[in-house]
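A.B. asks: Here the protein sequences line up with chains B and V, keeping their order.
With this note's numbering, letter number 137 in the first sequence gets 137, and the count goes up by one each step, no holes.
With this note's numbering, letter number 83 in the second sequence gets 1083, and the count goes up by one each step, no holes.
Treat the hints as calculated values from the structure; they're not laboratory data.
Be a bit skeptical, because a hint or two may be false.
List of simulated lysine to aspartate or glutamate pairs, DMTMM-like, C-alpha gap at most 25 Å [what the hints assert, rightly or not]:
1) K166/B with E1059/V
2) K1006/V with E116/B
3) K1160/V with E64/B
4) K39/B with D5/B
5) K74/B with E1111/V
6) K1085/V with E1158/V
7) K1056/V with D51/B
8) K1153/V with E64/B
9) K1125/V with D1011/V
10) K92/B with E54/B
11) K39/B with E116/B
12) K1056/V with E1003/V
13) K1153/V with E88/B
14) K1056/V with E116/B
15) K162/B with E1059/V
16) K1061/V with D15/B
Computed from a predicted structure; not experimentally measured.
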Amino acid sequence: MSKIDLNDISTMQYDVLKELGNIGAGNATTALSKLVNAKIDIGVPNVRLCDFTEISTILGPEEEVAAGILLMLKGDVSGMMMFVLETEVARKLIEMLGLPAKDTNFDEMELSAIQEVGNIIAGAYLASLSNMTGLTIDVSVPLLQIDMIGALLSVPAIEFGKISDKVLLIETKFDDEKKQDVTAIQGYYILIPDVDSYSKMLDSLGM
Amino acid sequence: MCETIKVGMADLNVCKEPDQLITLGLGSCVGIVLYDTSTKISGMVHVMLPDSTKIKNNENKAKFADTGIQELLNNMLELGAMRSKIVAKIAGGAHMFTFGACTGEFMQVGERNVAAAKEILNSLKIDILAEDTGLNYGRTIVFDSVSGMLKIKAIGQEDKYI
């Protein structure tokens, strides 16, 4: 089995991981696009090795509020997948899904809707990953929380902190055509497989 | 001049009057403040896991409740704090991602972090003056070495002082 050393990733391995992120995010974004009937672009995936102490700041200031949907992965590939949306974006998604617009806190119904969106999107991401590598990925029920980004990311940080001081993650940003516009749909996919899973993914692709 | 010193994840820092210590977006991690009521020398540690002896990779002392609190205490004593006057306040240890089903033991890490912090403070005979722990939301905590108050900010809630 090909070994991956988190501190010494070859350019080749790096490119393959980036491509995996690209395909996963591509598929997920197509699903999202259909769901809300809008064109959404994805950015170039970032394969990042970060000190887990940095993880709480990768998406922006720790105190910024966002909706995080977390899925636990098991099977050949284990780890976590997180889908992060700004709260404004989450609200817009809810409207696009046909629920009435409100300014108050999210109610149960709306939270369920966001959770389901996360489920569909993350499912599409992971399905393409699984197809390409031939590896099985079992996904947990999506867990949702709307809170400070730092607090959301503390969960994967703790989980990976048990094993190492570094985390390798594949992060992809998406954006609709309006880009900087206030009505733009923006968010992030973050895939954080554990070290063994990285080896399996690279292995399955003949690396 | 009052400085605000940031304490990151798995990090610790000490300060003297009139400085402040801050940790942003505390989730399931626990923030422990130690405070010498006589000299006002203060310290904050942001721990992620309860027990360093259960983990192989444990060089980073501030990552664990057991080694983190001890290290913070040592640093404060070095700075001239009086051991007998040191008291503690703790915050954090939330149960994150509660909407949806609970899956497995990783969800209880916040609770275990709080329990571990209390146990260690107890064994070091340091009184816990106040706490704001558990529940299901993230917190930003700011400690003021002058007043000895710990300010807790959470989304959609009024600031709390403990």
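A.B. asks: Against which earlier hints does the structure fall short, listed by number upward?
C.D. replies: The structure breaks hints 2, 4, 6, 10, 12, 14, 16; every other hint is satisfied.
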